[in-house]
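J.: The chain contents come next:
Number of protein chains: 4
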Amino acid sequence: MPETCNIVSLVDEIENPGEIPTDIKTLGEANITSPFIKKDYSCFVSDDDRVLLLASAKSAERLRDNLPSFELAGPRNQIYFDPSKTKCAIVTCGGLCPGINDVIRSIVMTLFYGYGIHTVFGIRYGLRGFIADYGLPVVELTPQTVDRIHEYGGTVLGSSRGPQPTGKIVDALEKMNVSILFTIGGDGTFKASAKIAEEIDKRGRKIAVIAIPKTIDNDIFLVSKTFGFDTAVQMACEAIKCAHTEALGAPNCIGLVKLMGRYAGFIAAAATIALREVNYCLIPESDFDLEGEKGLLKHLEGRLENRGHAVIVVAEGAGQKYFEDQPKEKDLSGNVKLGDIGKFLKQKIQEHFKTAEKEVYIRYIDPSYIIRSVPSNVDDSLYCGNLGQNAVHAAMAGKTDMMVSLWNDRYVHIPLRSAIMHRKRVKLNSRFWMSVLESTGQPSLKN
Amino acid sequence: MPETCNIVSLVDEIENPGEIPTDIKTLGEANITSPFIKKDYSCFVSDDDRVLLLASAKSAERLRDNLPSFELAGPRNQIYFDPSKTKCAIVTCGGLCPGINDVIRSIVMTLFYGYGIHTVFGIRYGLRGFIADYGLPVVELTPQTVDRIHEYGGTVLGSSRGPQPTGKIVDALEKMNVSILFTIGGDGTFKASAKIAEEIDKRGRKIAVIAIPKTIDNDIFLVSKTFGFDTAVQMACEAIKCAHTEALGAPNCIGLVKLMGRYAGFIAAAATIALREVNYCLIPESDFDLEGEKGLLKHLEGRLENRGHAVIVVAEGAGQKYFEDQPKEKDLSGNVKLGDIGKFLKQKIQEHFKTAEKEVYIRYIDPSYIIRSVPSNVDDSLYCGNLGQNAVHAAMAGKTDMMVSLWNDRYVHIPLRSAIMHRKRVKLNSRFWMSVLESTGQPSLKN
Amino acid sequence: MPETCNIVSLVDEIENPGEIPTDIKTLGEANITSPFIKKDYSCFVSDDDRVLLLASAKSAERLRDNLPSFELAGPRNQIYFDPSKTKCAIVTCGGLCPGINDVIRSIVMTLFYGYGIHTVFGIRYGLRGFIADYGLPVVELTPQTVDRIHEYGGTVLGSSRGPQPTGKIVDALEKMNVSILFTIGGDGTFKASAKIAEEIDKRGRKIAVIAIPKTIDNDIFLVSKTFGFDTAVQMACEAIKCAHTEALGAPNCIGLVKLMGRYAGFIAAAATIALREVNYCLIPESDFDLEGEKGLLKHLEGRLENRGHAVIVVAEGAGQKYFEDQPKEKDLSGNVKLGDIGKFLKQKIQEHFKTAEKEVYIRYIDPSYIIRSVPSNVDDSLYCGNLGQNAVHAAMAGKTDMMVSLWNDRYVHIPLRSAIMHRKRVKLNSRFWMSVLESTGQPSLKN
Amino acid sequence: MPETCNIVSLVDEIENPGEIPTDIKTLGEANITSPFIKKDYSCFVSDDDRVLLLASAKSAERLRDNLPSFELAGPRNQIYFDPSKTKCAIVTCGGLCPGINDVIRSIVMTLFYGYGIHTVFGIRYGLRGFIADYGLPVVELTPQTVDRIHEYGGTVLGSSRGPQPTGKIVDALEKMNVSILFTIGGDGTFKASAKIAEEIDKRGRKIAVIAIPKTIDNDIFLVSKTFGFDTAVQMACEAIKCAHTEALGAPNCIGLVKLMGRYAGFIAAAATIALREVNYCLIPESDFDLEGEKGLLKHLEGRLENRGHAVIVVAEGAGQKYFEDQPKEKDLSGNVKLGDIGKFLKQKIQEHFKTAEKEVYIRYIDPSYIIRSVPSNVDDSLYCGNLGQNAVHAAMAGKTDMMVSLWNDRYVHIPLRSAIMHRKRVKLNSRFWMSVLESTGQPSLKN
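Chains as they are written, first to last, in my numbering: chain A, 1 to 447; chain B, 1001 to 1447; chain C, 2001 to 2447; chain D, 3001 to 3447.
Incorrect hints may appear among the rest.
As the list claims (entries may be wrong) - Using 30 Å as the maximum straight-line C-alpha spacing, the simulated DSSO-like pairs for lysine-lysine come out as follows:
hint, chain 1, residue 1, chain 2, residue 2
1, D, Lys-3330, C, Lys-2298
2, B, Lys-1321, B, Lys-1294
3, C, Lys-2346, D, Lys-3348
Claimed, not checked - Listed next, the stretches of chain D that the computed footprint assigns to chain C, with coverage defined by at least 3 CB atoms under 8 Å from CB atoms of chain C:
hint, stretch
4, 3158–3166
5, 3173–3181
6, 3266–3279
7, 3364–3373
8, 3410–3420
Hints were generated in silico from the structure; no laboratory data involved.
Ideal Cβ placement from N, Cα and C applies to all residues, glycine included.
Isolated chain A (complex conformation) (with noise of 0.2 Å):
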């Protein structure tokens, strides 16, 4: 049996594991003691604490003189930055994610509370903020500007997309005099972090940069589950849940729903499995055909005569093999604009029946925006603020060029390099895909 169909959950196992870099860049020794609890109770991690990259016994066996591990995060009792002469900076990149004010004023709050600096800077409107010809000002962040920003959507230092000069960016840190840089951002952003990180070791400076991995898609490799999902998913079940009240308002009724996912339909399957009505799931890596025998029209047809109402759910990035041959534009990240599959498919089952000369009614929901812009539920929070606690312990050990990670239920630092080697994606031969299956009761839709 393939390794690849041991997943249970959303964690991925990984198939050439070996090749996988863990190894962590360090600015220098650690040597100064660290003011982070100073009470009766202390509990410091050491770097030789490790966390298995594989969780199978299989793998454990397979590969048992060379298991590969990532390293543990937590406070070290040992620190590199000495507190007093710190100062940091934050900075929040790509689209916005339920809990990105979760982890600034994690991060804020631990600074300040943790290891007693005070002066953290808020970078405006992503790397942008960097490049003085933009003219934002910076902010200041402290545990009163921050206390309750947790309550809401967004993020308070505002966003923007897309690359800026590295050299500009290092300049500013280094006019700032900023020890650490704490990036909040999906791939793109690691890989401006990394060539940051770079720039900064050939100029020899002493700059931690740490990276909180966002992505609404939960499409990062190496991270079980990214922040700000779990609400995301919430929201998605939130509108299905009215387009089943809608196919079941009225004759012939489909409802049917597009969410986000440009490359990666776990938020689509998600919610599938977690409210269980919806009889298609459409995701960009299962491919599936609307005409033939076996597309989703005659399914759909069939559907629609024995239950008289239909549910589907369409990700984004589902289906882009209808729009091949229209121009392809990029945005300011260089993400290719997808076609809409959603209006698309409307069109599509508008006129399959009305060819079909069958009544059909459509309720078409797109929640879009809804979905990410909310503050972050409880789970959410929970995991942004252990997050942020860990992106400071890690940076405060002069740990760089990395990303904090929840990984086999612990929380690891994962090399940049090796955050950006793959995509996550949802498996058609993993167990989360046959939940979906099992949920919907749909067949390949493949001729």
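Use these hints to put chains B, C and D onto chain A, whose structure you have.
T.: Just chains B, C and D now, kept in the frame of chain A:
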């Protein structure tokens, strides 16, 4: 000062009160002692109990010898129908609305426990359900089957749009031996209900027709506030909050939300007042220009320069002058299909700022059906329960050709011919619309 | 039929309407042109616009030559205070209630943007904040500081109970040069406000005192529904749902919920009607016996035998006859401390079934402050916004010694001396209480 | 550094991993081809697929020749039971927990649609339902009857506490011809289930017994996080938010919240971390003193002086040393009835400040059952669905005497005898508890 300016809540003062019919038709003398509440308590209402159409002192003075008033709703101690021989039917028509199931449940429960009536037919998919050709089975509604339906959105009976032949509907009522028909719907349903009552009268039958007003747009004349409206506003607020969060999350960003409201902008206006984070509220009743010195685009440009973000809420029926030359399609209810003002605005704004060579981001949110498919909130539940109870009391007393309404904070009986005299609109010189303008700070937007 | 039976909503008809003072005191002639809404639109209200106290046709006929009415609230085109010289103060008294922050925000925003008044003092911790001995600093309220406070429960100003010396309060107002005092509170606050207005008058000062009625119990005379009540009922419903779930989850199980309601059972009654899953609703207005043939315990025993579960809702002020011999303590507001009817009932039920040798489980839920400390829901937000606006308009016009109220669906001015004439109660012969009895099916529970 | 310090999430590392049995009993050879998912896709799991007990690299090294691991859960391609002849039973025991209905629904749906098993008996009111003396009818569970039960809290089967005679239970299973018994419960249920499996074995019967771990307190050994815990924490947060609002609303005010947690303070601790507005978190695992220099009262006094308010969260099992001399009663499950630490604390705080002649207000909130009776949130729904599916797969493969668990982010089979070896507790030297201390800033509170 014009009387029309006195409006401080959603209740409109009436312009020609004297012309509104207020007499309720009855099928005959109510001479059966009501079984309703056999206990020590009893609180019957008499037909002499009436509620003033206008509650202003000026009106009272002006019309003092002929003060128009409506019959107070509530249980009568003498009823017309013998419970042991009475069968009822319920039909739900038109679009969904939070609370329909609450109304159905309340009617069934009151008939059963209040009057001992055990046969209530649910007609499936609106007026279609009466027409044999559609082959739709009738369902029996009992306290057991409706016990928890109020926890769901939509209608358990299903709905449909458009008229059906009145004769066939009355044929069906006769065949089923139905004595009372409850219709839950809007303007079109009132007209159909009035025709049904007329046909019944022609045939000399004794079947009561009682309407319960339903419209998500809150645009029914002589109803203070339609059920489901509260819930819809609540959901609209959720969408606007997200748009606001998005607008704050990127540089020069506009959150644009399209809301329901074909001819009346009550949802958009009420959400604007409740949330107080909208900068432009565009509704069908208030004409606005896009171009020109005082137009929206110019003003928006100024706002972005000063504040860096903006939130626009537009009701679907606003700005239809921009679609005048497009062909007019109609839906089954005879409503003209509206031009998509949301997408149009998005495109126009994008073009404007592209021409002006200014960066702008637009986050477009169209919550569509999400606003109307959710379960009712507590307020609407309470309201729907009362509407259902009062509809039953009216019917049992032999009233017909009328709707149950909330007016001047009391439940009343209103003739259907009065209910369809006008459509309720947001009055631009009302305190209600003034509150919107206070909240947004928007100017007239007219050149 | 008694007039008191006409009540179909939460609005009570009044027993002796002729005795209620309706004249509003003013500080002097309003002869300054209002800066409020300088735009094309304008919608001013005149003092001649009045709203009938009673909207029933019978009352109108009976009192036709002397129809009592209240001044309509809203902006006047001539105002009394010169905005450039006017300072205001806001104080919040008594227990928390959802929406207090909405009212504060609305007052500050309307003063600032509607009238150009920039100095608004927030008095901390109720009337104490006026008394120097407590050393409580005054806070300045600006659009910036109040911008998002409506998203939180409670009051940003803090509150306290109990009276303070009127003279010292007026001293403080004079020292601060305050022209308008807004008091947010209930019965006790009205009395204090009236005394303050009297003292101001004695001293020949021109300071307006405007009250905004606040009580979670909805028991203020001449107010249709107090703000926060909707939200409280919603929260109460959540608690009752849990009790119902628990009652269904174990054999012979009783869900028992205690709710707020010292003298008036509106919350318990409204939640009972809205949810329709309560079997016994016990309120202060309706006496009941525990023991005896017709007592609660006997009836409950029957219900458990037949149905296996039950849900009881009890308002905290119900059944106080069982505590008559306990010593009477008072809180700071002078309210007698109530006997804990919830725990008492729990114990009595347990004893009864133990004696009867029948197994019974009781799940006791006392949500206590959860019901009143949450943020306001959308309905209450909208309502609070309107109350705040109208309070400002009244004050600017030089009105004093009055409260703003919603009556017959319109905002009106009501003299404080009228507001404190009675306390609103659930009338046992009203349609409102009948709805409770219809929903629960409970008998009189009196031997 | 001790291994026990490595805990970064709710998953505990195990102290004596070698002593934990990991072998799963089976009823016999699985040699029937599974009908599960007959489509193109297939994703079967083999018994050789195992998940490491410990995911730390150190453990892997130390135990390298004998790495303990659990069987991976999931569908096997060879099954033991012939679906056409298999009847199943489900029983729910102990207290309510969000998600029980989700688990029931998932089991029924997977049996029906995945394996074609159409007879599933629901046992009413826990183990009692097996005992004829109680006269409780068995209910048939079908896809229709369970379709929407996941939308409600509680258990549609009802539950009860305490053991029943094992022999009689097995008699009942035999009489009903049941091949698979699913038990949903906690520690006590595991013990009962193990005894049932033993008795079945003695009698030479082939009946699988599969447990699904349920406890609101999250205190089951070898389960990362029990279902319903997320939802409970969410509800706990709502209560704490109210306490915080109250604490801010009056001078010198303390919000005091009592939460579930008999032996383990996970709910209190997780809510504290998620919300970050708690000042003292008291749990059973962490002893504290009230009196004395370092005691809670003294520290609280200091906090009130400095900040004017405080929020205390106490788990019901905390501070039981203060009730040592009270008589020990036990409930049906054999749990000792706890002293009411919430009321005790309230009283002690009041006394302390009265003695100190300092004004203090206490707002005491005990949400009690509200926390556990609500429907599951989306996270728990997803989790419960997976637990139910995997329980069915395990049973069909002939596994018995085991529970389904989530461990190291994967679903696994764990022998019941291992599950009851210990109870999970909050470890005071874990990162989890450290996060609580970071968040509250509370000292040890021990003299």
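J.: Confirm or reject each hint.
T.: Taking the hints in turn, this is what the structure says about them:
| no. | hint | in the structure |
| --- | --- | --- |
| 1 | D:Lys-3330 x C:Lys-2298 | holds, 28 Å |
| 2 | B:Lys-1321 x B:Lys-1294 | holds, 17 Å |
| 3 | C:Lys-2346 x D:Lys-3348 | holds, 25 Å |
| 4 | 3158–3166 | holds (count 3) |
| 5 | 3173–3181 | violated (count 0) |
| 6 | 3266–3279 | violated (count 0) |
| 7 | 3364–3373 | holds (count 8) |
| 8 | 3410–3420 | violated (count 0) |
Checked against the numbered hints listed earlier, the structure breaks hints 5, 6, 8; every other hint is satisfied.
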